[in-house]
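Chains as they are written, first to last, in this note's numbering: chain F, -15 to 548; chain P, 4 to 290.
Hints in this document: simulated from the structure, not taken from any laboratory. Careful, some of the hints might be misleading.
[Unchecked claim] Straight-line Cα separation of at most 27 Å, BS3-like style, residue types lysine-lysine; simulated pairs:
1. P:K251 with F:K202
2. F:K85 with P:K276
3. F:K396 with F:K347
4. F:K437 with F:K381
5. F:K85 with F:K202
6. P:K179 with F:K155
7. P:K235 with P:K251
8. P:K276 with F:K87
9. P:K179 with P:K137
10. F:K441 with F:K509
11. F:K396 with F:K340
12. F:K381 with F:K337
13. P:K266 with F:K155
14. F:K347 with F:K401
15. P:K87 with P:K251
16. F:K155 with P:K23
17. F:K202 with P:K266
18. F:K85 with F:K519
19. P:K266 with P:K179
20. P:K87 with F:K202
21. F:K202 with P:K137
22. F:K437 with F:K481
23. P:K251 with P:K23
24. F:K396 with F:K481
25. F:K441 with F:K381
26. F:K464 with F:K481
27. F:K509 with F:K401
28. F:K85 with P:K137
29. F:K493 with F:K397
30. F:K202 with F:K308
[Unchecked claim] The following residues of chain P were derived to be distant from chain F, with all beta-carbon distances above 10 Å:
31. P26
32. T31
33. T33
34. D50
35. S80
36. K87
37. D108
38. N124
39. S127
40. N157
Being a predicted model, the structure only gives us computed values, none of them experimental. Positions of the beta carbon are idealized from the N, C-alpha and C atoms, including for glycine.
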Amino acid sequence: MKFSTNNRPVRSRTKLSTLLIALILIPITSANAQGILGGHVTGNIQIDGQTSSRDTLIGANAVEEGLLLNARADILYTNGNFSAGMRFEAYQNPLPGFNIKYKGQGIANYFASYNGSWLSVTAGTFYEQFGNGMILRAYEDRYLGMDNAILGFKLAVRPVNGLTLKGVFGKQRYYWEWGDGLVRGVDAELNFNSIIKSFAESKTRITIGGGFVSKYEKDEVILAENPEYKLNLPHNIGAGSVRLDLSHGGFNLQAEYARKGQDPNVINNYIYREGQALFISAGYSQRGLSANIQAKRVDNMCFKSVRSETGEMLYINYIPSITKQHTYAFLSMYPYATQATGEMGLQGDVMYKIKKGTALGGKYGTDLHLNASVITGIETNTIGGRGTEGYSSHFFKPVGLYYADINFEFNKKISQKLKLALTYGFIRFNPIVEGHEGNIHTNNVVVADLTWKVNPKHVLRFEAEWLASNSVYDRTVDDKRCGDWLMGLIEYNFTSKFFVSLSDQWCYKDGIGNYYNISLGYTHKATRIQVGYGKQREGIICIGGVCRQVPAANGLTFSLSTSF
Amino acid sequence: MKKILILVSSLLFFFASCDKIEPSEDGTYTVYSGAVGEWEDCSALSDHTHRVWIEKYTGPRCTNCPDADAVIHDIISQSQYSDKVVATAIHASAVFGYPIGESPDLRTDEGEAWSQFFFGNAVSYPSVLLNRQKNGSTYNIISPTAPFTTDIDNILGTPANVAVSVEAHFDSQASKISITSSVELLNNISDDLTLTVLFIEDSLVATQRMGDGTENPNYVHNHVLRGLVTDKWGFDVDCDRTAGTARKVTLRTDLPEGVRQEKCQVVAFISDKSTRTIYNVATCPIE
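If we strip away everything but chain P, and leave its shape as in the complex, we get (with noise of 0.2 Å):
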């Protein structure tokens, strides 16, 4: 009986393995992935500078990322380092994410995607990758709480193979937030590039699990990530491999629902396509 009751829940979990997709209203098997728009030919960029993403794991029941916040701001108020990078917090993960009390959820899907990516279900907050540049082969996951500007010049050190701007306005004839990319290739480069372009949100306020334990009702979130406007994983940029190349498209999309404009950045950055390795970055205010 034993041996029976093993086999028929060895083979409900087979079946229950089994996917069912159902259809959108209009018979396809799709979801919206993110804009994409046609790439052109541009001038050559006159800002070739090499900028590092910090890509921050949070979340309000985190209770060393208050810590880490306050690293991430020390080293954004140097001034060798002011307009050299870019933070970006992401909240996910049920444990820390999940957001207390009556606060917002900060949390998105694509946040979710991106740690269950990088970290699988072995989550550790706060977590932070410059870059997304790898260690070997897995990708150099940092503990934010003491200052990391060591390994932010070592990238700095080196000059970008690409680089990359961002413009972004409120179109108002097409009610649309209109953006604006550019690509300039600086070397040679051996795999496809793919742009990923995001909304991130300052000064949100909400309830967040302190160092001590306390709860602080009136915590201030700053660089939130708060939409994708492309997929995930970026679009293709559409260009040769060869240094010299300059490209730019123009993606239209609208802000996401409950984020302030004045409040909002757009951040645009070139990843490698097969390593996920990001080249270089840039952020913009919405004009």
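Okay, chain F solo, but in the shape it has when bound (with noise of 0.2 Å):
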């Protein structure tokens, strides 16, 4: 339900701004949302505001209305096992890199739901995630401008312990629409140990599962190559897939392969290939050490409930990612964006704890950590263009490097008040990944983090990073990431409730920019207040290999964040 600022009459807009002022203030006001018709009422509020002014160096536009708000209100209401909630969202106007379709305000998700012991039934709004989401993962992330949410009925039902079955239907969001394709869904997970009375205390722990999605989208035209003859397309297109979780002590194995059915879409050209995909996890955790190795292949694996759709929305199933995240600066500037086209790879991680007081571990001990991850393209044989099968792929060929990155932690408590963290990471980056040609960047990171206690209220935290790429600026390509760059930021904490940091980053060699930043915080309870002011690289962002444009900005930025 959008409230249109253009078109709805003044006096529905007061009636309907008063109601949602009620909702969000009665809890505010009435002792903590508590005891509402003997419930309980929670909720967050979020608003992000940015401002800009024209910046040709880094390519930064001027915010013609002066201010860009992302603001939104989660409200939860529970009484035993009933919830019911809603989020209030405004887009006045969208902040630079969400899409301009957010523009407006109004209530984007609503739900009642029932939990009970055997049975949960939601209607209105609800997600849901099936195994590691490859054939149904309904989502949202705010920082990535994505909202994935079904609007309809989801129904769970355990029957017995350890057997849980699921149903869920309807529309996905689509901005402030509803998606014109309808998303059916069932999904059964069951635990052996739950389930056999004997099996109940073994080390060994099964659980296996499987699920199918259907989508149904009525036909339209779409032309193939000759323009006498259209596509004959699929309007419902199954994914099915099954999963097996294992352990035993320390042990572990994950997997879940899964399969769709023909699903010609503006993704992959309106190809007719069956789409594929396999995600491997093996692990071993002990004390002091763990270590882990992923292992996916995916190939035409792209599921949305509209078949013309190109933008961040409408995504029904999600690729898993299985690449590092990083946090820092110069390791997340080049972030590996999922190719659910097609990709294969592999990733190891190894963390490993050197025991306090002996030679390297020293008196506080020391955190190694070890992670690599390679990932290539898939064999595409091609045996035609829109309207066609597409192309053949041998299952366990690569092809094309797409993204390489190994990357080694040391973190060391020095003393009571010292603490340091020595990062070094390797990373190759093939610009494809982003739909751009060029050579494969590779980069060299170096990023030390000192954080020094100075007393219990008071930390100042000192960060350097390096970046030597390979890549050089090119104006035609205007990849503002190229270069060298150098980093410095001081933070200081105090009173545990303030802090300012001061930042920039600077290319000293082959590119351009020079970023600078200030920010200012302030915590307390469960509100926080920020406020910055600089330049913002254009870029990207990725979460869980889900990516955003960042656009180039200079100006001020604020945030409020509370919850209660």
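Please dock the two separately framed chains into a single complex, following the hints provided.
This is how it looks when you write it as structure tokens:
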């Protein structure tokens, strides 16, 4: 439900606004929101704002409106087994990088739910995931500006302990509308240790599961390469998966295989090849040591509820990422975006804690973390274009490097007051994953992060980063990440409530840009206010392999978040 | 056991809900869409008349349909409407459109698809659409057993935003019907346009169930949809959206099997690609 600023009568806006404000204020003003009709009201509010002035050097545009705002308020009411909630969102107008189709405000999410011991029912908008999400993952990420919520019904039944059956159907959110495609899905998960009594105490834990998701979309005219012919489109498209989760002591194994029927869509250029994906993760952990290896292969698994949708919305499924999500600025400068059309890869991850009291461990012990991942394309032997099988592919044949990352972290508590983290990363990045041609970027990154606890209420943190890259800025490509970079950051936390940080990212060779920032923050209980001023480099942010473009900006940012 | 049966039934339903498209002989997953042609500039049209397409959904088992035929025949016969309305009888629906006895089946795939699109499964024949106009968010469906000239007048009372013309002749060299349709934008428009071209045929004799329940084996069906030249939703008009733009296209096609050229007419209409509302319509015989 969207309240269009342009079209609605003032009278109705006033009434609706009053109702919404009342809904928001009641919990805040009534003793921490407890005890309404015998239930509990909880929620959170977040407001993000940004200004920007024109800066031709970094490519920032002026914000015509002066100020852009994204805001949201989640409110949840629970009373025993019953819960109901809503989320009010406002994008007046959307922050840079968020789709302009978000412009507006209204109730974006609303539901009522009953959660009993053997039955759960949700009516309204909901989120859900089957297994790793390879056939169904309805989720939202406010920082990516994506929300694949389903409006409909969700049912979960637990007829016996250890068996869960789920069913969902509905339509997916498309900004302020609902996509035309219908999504239906069922999933079953069986835990052997709960079902079989003699197996209950076993060190071996086994869970199996499987699901099936179908989407329906009505016919439309999509011309073939010969325009006198059109595609014979499937209207009901199914995807199924089976999965295993097994553990024994410190060992664990997780595997899922998914397959999708013919699904010609704009992302795969309307080919009829069936899709498949395999994800395997094996690990071992014990005190002070953990190791994990993951592998996956994805082939034509983009699954959307509307075949012609190109943007970030209406994804039914999600392909798990097997690259590390870095937090330091230069390590995360080239994040990897999962290629649902086709990729294969491996990731290994080892964490080891050198015991305290040893020569290397020192007084407090030392944490070591080694991570490596490599992602390639899959072989595609072209059969034809739109309206054909598309291509054939050998399952085990990788083609072309997309991304490689080897990084090593050294974390050492030097004394009661000093803590040091050193990180080295070697990253190779093929710009083709962002849709650009060009040479592979090879980056070496070094990060030093020192935290000095001056006293219990005063903490200083220093961060220095260096990135050496083979990439050179080219005006025609205009990738402002190219070149060699230095970064420094000082952060001061005092009285446990205030912080101030200064940082600067400077491209000193083969590139352009000097991005300085100052941030001030205040935290009180569950409320955090932050104000920043400076320059933002254009780039990509990725969360779980799903990415969003971030345009350059030069101005003020602020955010307020609170929960009750 | 009951729960398991419900679960299995549900799973079977979902698995059955997965379409499998078989490739055609050339290995593609395509079907013939309809003739298309190259658009080119042309001179402005001399006729800017706003016309109405009477799109009547009918069938031999629809007892009220003969009454609707009489109403439409009466409208067409009136001089103020004779050159301003184009009627087409679309036989569709498994309930109403199924032929009686040995009579020919006058239904078409495109007619069935249109009927499904505009009425869904709740068909109530006879039904008429006038230029596929909407009443709010839904299509304005008229029951044509009573005169509906007021609805026609409402459309004719507004100037046309788009003018359209059509000419057709048999090209003996190519052994094809050659159809040329011209379009002129009389005002700026906000969305893309599509051109749909179809054949209608008069004087088809097929058994019709009448209003009194009897069956008339000699019922004469006129202006019956016999086939589409283009795709059922038309093909894009390659033009600017600004007033004064004039474009034309020539399509070559075969006459549908069993259709008599001398009884046949070509109908061409221009629609809004998004809403499917028809801007204007024209008709001509095949010379």
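Against the structure, the hints come out as follows:
Between P:K251 and F:K202 the CA atoms are separated by roughly 31 Å; this puts the pair beyond 27 Å, and the hint is violated. Using a Cα cut-off of 27 Å, the hinted pair F:K85 and P:K276 holds, with the two alpha carbons roughly 21 Å apart. Our distance criterion of 27 Å between C-alpha atoms is met by F:K396 and F:K347, whose separation comes to about 10 Å. Straight-line distance between C-alpha atoms of F:K437 and F:K381 comes to about 51 Å, which puts the hinted pair past the 27 Å bound.
Restraint check for F:K85 and F:K202: satisfied, since their Cα atoms lie roughly 24 Å apart, inside the 27 Å limit. Taking the CA atoms of P:K179 and F:K155, the gap is about 46 Å. The hint is violated against a cut of 27 Å. Taking the CA atoms of P:K235 and P:K251, the gap is about 19 Å. The hint holds against a cut of 27 Å. At roughly 25 Å between alpha-carbon atoms, P:K276 and F:K87 fall within 27 Å of each other, so this suggested pair holds.
The suggested pairing of P:K179 with P:K137 is violated, with an alpha-carbon distance near 37 Å, which exceeds 27 Å. With a C-alpha separation of about 16 Å, the suggested pairing of F:K441 with F:K509 holds against the 27 Å cut-off. Annotation: proposed proximity of F:K396 to F:K340 holds, straight-line Cα distance about 11 Å (limit 27 Å). Straight-line distance between C-alpha atoms of F:K381 and F:K337 comes to about 37 Å, which puts the hinted pair past the 27 Å bound.
Taken as a hint, the P:K266 and F:K155 pair is broken in the structure, with Cα atoms around 48 Å apart against an allowance of 27 Å. Proximity of F:K347 to F:K401 is assessed by CA-CA distance (about 13 Å); at most 27 Å being required, the pair is judged to hold. Pair hint P:K87 plus P:K251 holds up; C-alpha atoms about 22 Å apart against a cutoff of 27 Å. With a C-alpha separation of about 23 Å, the suggested pair F:K155 and P:K23 falls inside the 27 Å cut-off, and the hint holds.
With a CA separation close to 35 Å, the supplied pair F:K202 and P:K266 exceeds the 27 Å bound. Between F:K85 and F:K519 the CA atoms are separated by roughly 25 Å; this keeps the pair inside 27 Å, and the hint holds. Annotation: proposed proximity of P:K266 to P:K179 holds, straight-line Cα distance about 17 Å (limit 27 Å). The suggested pairing of P:K87 with F:K202 is violated, with an alpha-carbon distance near 34 Å, which exceeds 27 Å.
For the hint pairing F:K202 with P:K137, the CA-to-CA distance comes to about 20 Å; that is within 27 Å, so the pair holds. A distance of roughly 15 Å separates the Cα atoms of F:K437 and F:K481; the hinted pair therefore holds under the 27 Å criterion. Taken as a hint, the P:K251 and P:K23 pair is broken in the structure, with Cα atoms around 39 Å apart against an allowance of 27 Å. About 26 Å separates the Cα atoms of F:K396 and F:K481, which keeps this hinted pair within 27 Å; it holds.
For the hint pairing F:K441 with F:K381, the CA-to-CA distance comes to about 56 Å; that exceeds 27 Å, so the pair is violated. For the hint linking F:K464 to F:K481, the alpha-carbon distance of about 35 Å lies beyond 27 Å, and the restraint is violated. Between the alpha carbons of F:K509 and F:K401 the distance comes to roughly 25 Å, so the proposed pair stays at or under 27 Å and holds. Proximity of F:K85 to P:K137 is assessed by CA-CA distance (about 26 Å); at most 27 Å being required, the pair is judged to hold.
About 34 Å separates the Cα atoms of F:K493 and F:K397, which puts this hinted pair outside 27 Å; it is violated. Only pairs whose Cα atoms come within 27 Å are accepted, and F:K202 paired with F:K308 is rejected, the gap being roughly 39 Å. At roughly 7 Å from the closest C-beta of chain F, the C-beta of P:P26 falls inside 10 Å, breaking its exclusion from the interface. Consistency note on P:T31: stated as away from chain F, yet its beta-carbon is not over 10 Å from all of that chain's, at 5 Å minimum.
The Cβ of P:T33 does not lie farther than 10 Å from every Cβ of chain F; its closest approach is about 4 Å, which violates its non-interface assignment. Listed as a non-interface residue, P:D50 keeps its Cβ farther than 10 Å from every Cβ of chain F; the least gap is roughly 29 Å. Residue-level check passed: P:S80 sits 37 Å from the nearest beta carbon of chain F, beyond 10 Å. For P:K87, the condition that its CB be more than 10 Å from all CB atoms of chain F holds, with the nearest at approximately 30 Å.
At roughly 22 Å, the least C-beta separation between P:D108 and chain F is larger than 10 Å, which holds for a residue marked as non-interface. Its beta-carbon lying about 14 Å from the closest one in chain F, P:N124 satisfies the requirement of being farther than 10 Å from that chain. No Cβ of chain F comes within 10 Å of the Cβ of P:S127; the nearest lies about 21 Å off, and the non-interface call holds. Here P:N157 stays apart from chain F, with its beta-carbon at least about 25 Å from theirs, past the 10 Å limit.
In terms of the numbered hints stated before, the structure departs from hints 1, 4, 6, 9, 12, 13, 17, 20, 23, 25, 26, 29, 30, 31, 32 and 33, listed from lowest to highest.
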